[in-house]
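So the mapping is simple: our numbering equals the position in the sequence shown, first residue as 1, plus 100.
Incorrect hints may appear among the rest.
[What the hints assert, rightly or not] Each pair of labels, with its calculated beta carbon distance range:
1) 436 x 334: 25 to 31 Å
2) 440 x 319: 19 to 25 Å
3) 445 x 230: 44 to 50 Å
4) 229 x 437: 25 to 31 Å
5) 319 x 297: 35 to 41 Å
6) 352 x 418: 16 to 22 Å
7) 393 x 228: 41 to 47 Å
Honestly, the hints are just simulated from the structure, not real lab data. Values in this document were obtained by computation on a predicted structure and should not be read as measured data. C-beta atoms are modelled at their ideal positions from N, C-alpha and C, and glycine is treated no differently.
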Amino acid sequence: MPEQDYPGTFRDRDQQRAPAHAAPHDTPAHAAHAAHAAPRNSAGWTFAVIAVALLVAAVVFVGLQTSKIPTGTVEDRQAREEVQTPPEELAPAADGESGEGQPFELINQILVPEFAVWAPGTKIQSTDHYPQAGVTFTAQSCTVAFSFSDAHGRNFAVTAGHCGKEGDLVFPTNAVYATDYAQEAGRFIYSDLYSPGSEGVDVGIIEITDPNRYMEVVGDPIPTGIGEQLPPIEQVCKTGGTTGYTCGYFVETQRVQIVDTDVDDERPTFGDIAAVCAASGDSGGPVFTQVNGRAVVIGVVSGTEAGRTGEECWEGMENPKMMSYSNVEQLMSVVTKVVPEPAFTTQTW
Numbered sequence: 101m102p103e104q105d106y107p108g109t110f111r112d113r114d115q116q117r118a119p120a121h122a123a124p125h126d127t128p129a130h131a132a133h134a135a136h137a138a139p140r141n142s143a144g145w146t147f148a149v150i151a152v153a154l155l156v157a158a159v160v161f162v163g164l165q166t167s168k169i170p171t172g173t174v175e176d177r178q179a180r181e182e183v184q185t186p187p188e189e190l191a192p193a194a195d196g197e198s199g200e201g202q203p204f205e206l207i208n209q210i211l212v213p214e215f216a217v218w219a220p221g222t223k224i225q226s227t228d229h230y231p232q233a234g235v236t237f238t239a240q241s242c243t244v245a246f247s248f249s250d251a252h253g254r255n256f257a258v259t260a261g262h263c264g265k266e267g268d269l270v271f272p273t274n275a276v277y278a279t280d281y282a283q284e285a286g287r288f289i290y291s292d293l294y295s296p297g298s299e300g301v302d303v304g305i306i307e308i309t310d311p312n313r314y315m316e317v318v319g320d321p322i323p324t325g326i327g328e329q330l331p332p333i334e335q336v337c338k339t340g341g342t343t344g345y346t347c348g349y350f351v352e353t354q355r356v357q358i359v360d361t362d363v364d365d366e367r368p369t370f371g372d373i374a375a376v377c378a379a380s381g382d383s384g385g386p387v388f389t390q391v392n393g394r395a396v397v398i399g400v401v402s403g404t405e406a407g408r409t410g411e412e413c414w415e416g417m418e419n420p421k422m423m424s425y426s427n428v429e430q431l432m433s434v435v436t437k438v439v440p441e442p443a444f445t446t447q448t449w
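Please put together the full structure from these sequences, using the hints given.
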């Protein structure tokens, strides 16, 4: 492996400069610029992971019989159903003819889960134990790329592998009281950075154990459609719990990175690179592109170049910071390895 330079420490999340949020289904005009930066010369890059460890002190309170977390209205749940399991829309016909002289269509094959509990951009926090009232604990904040179910009715979510280890507990980000932490919303069952037999892909799988738990989502969630077969892409966007929706452009594929997961814990991984702003807490969020006017997931946020020196980043900056992400081929290889019978259908958008 080429020699790497190692990342520094992130600034606190309140020091990150968050850009204005772009509408999730629209392409920001300034993000589609043609001035693409040339790829870096280094054979391998170093990215700091962008999960943030939040030291939570004296925020878990006792004495309450009911949780203060909102349950979500019927309207909220109905509004999310279409983005969690979106309907099929046929792709428009492209100009040209097939080899047999017949008009052809541009076919974009999209994987859609038969059932999805959490929308893309769901915010989570994870710990390795049940927090106790009055006791300081550390929770790691991340974002979920998408969720799906299997043939047996179990529910799962995909996030970054460095966001948790097997057995880590997952809670809503707005959990405050002891009763909120008495029962987890999910549990990490696999990390391709930590689990035995892993291959170094920064993808983790959560089993959702409480599908009725109310979970906060970043803005208006994008549809849960995974781009299984797409033409070459240019624009790349992401959703994250800290910086929201930001867009940029594709740079390079299958590059080696070093992710700084814990103190003195640096692990090699590999993935695609895009010039997109990301920051602490965005890890695990969906990376997406536009296909015939609809957002399609093409990866999972892994790391950011901005985290190496604590530099700020924002959408449209002159010298954009690079973001690494695990692509669809990588993330689906982890999904099918961990969940033998995932329930997806193939659509054409």
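Inset, instruction - Of all the hints given earlier, name the ones this structure violates by number, lowest first. - result: 2 and 3
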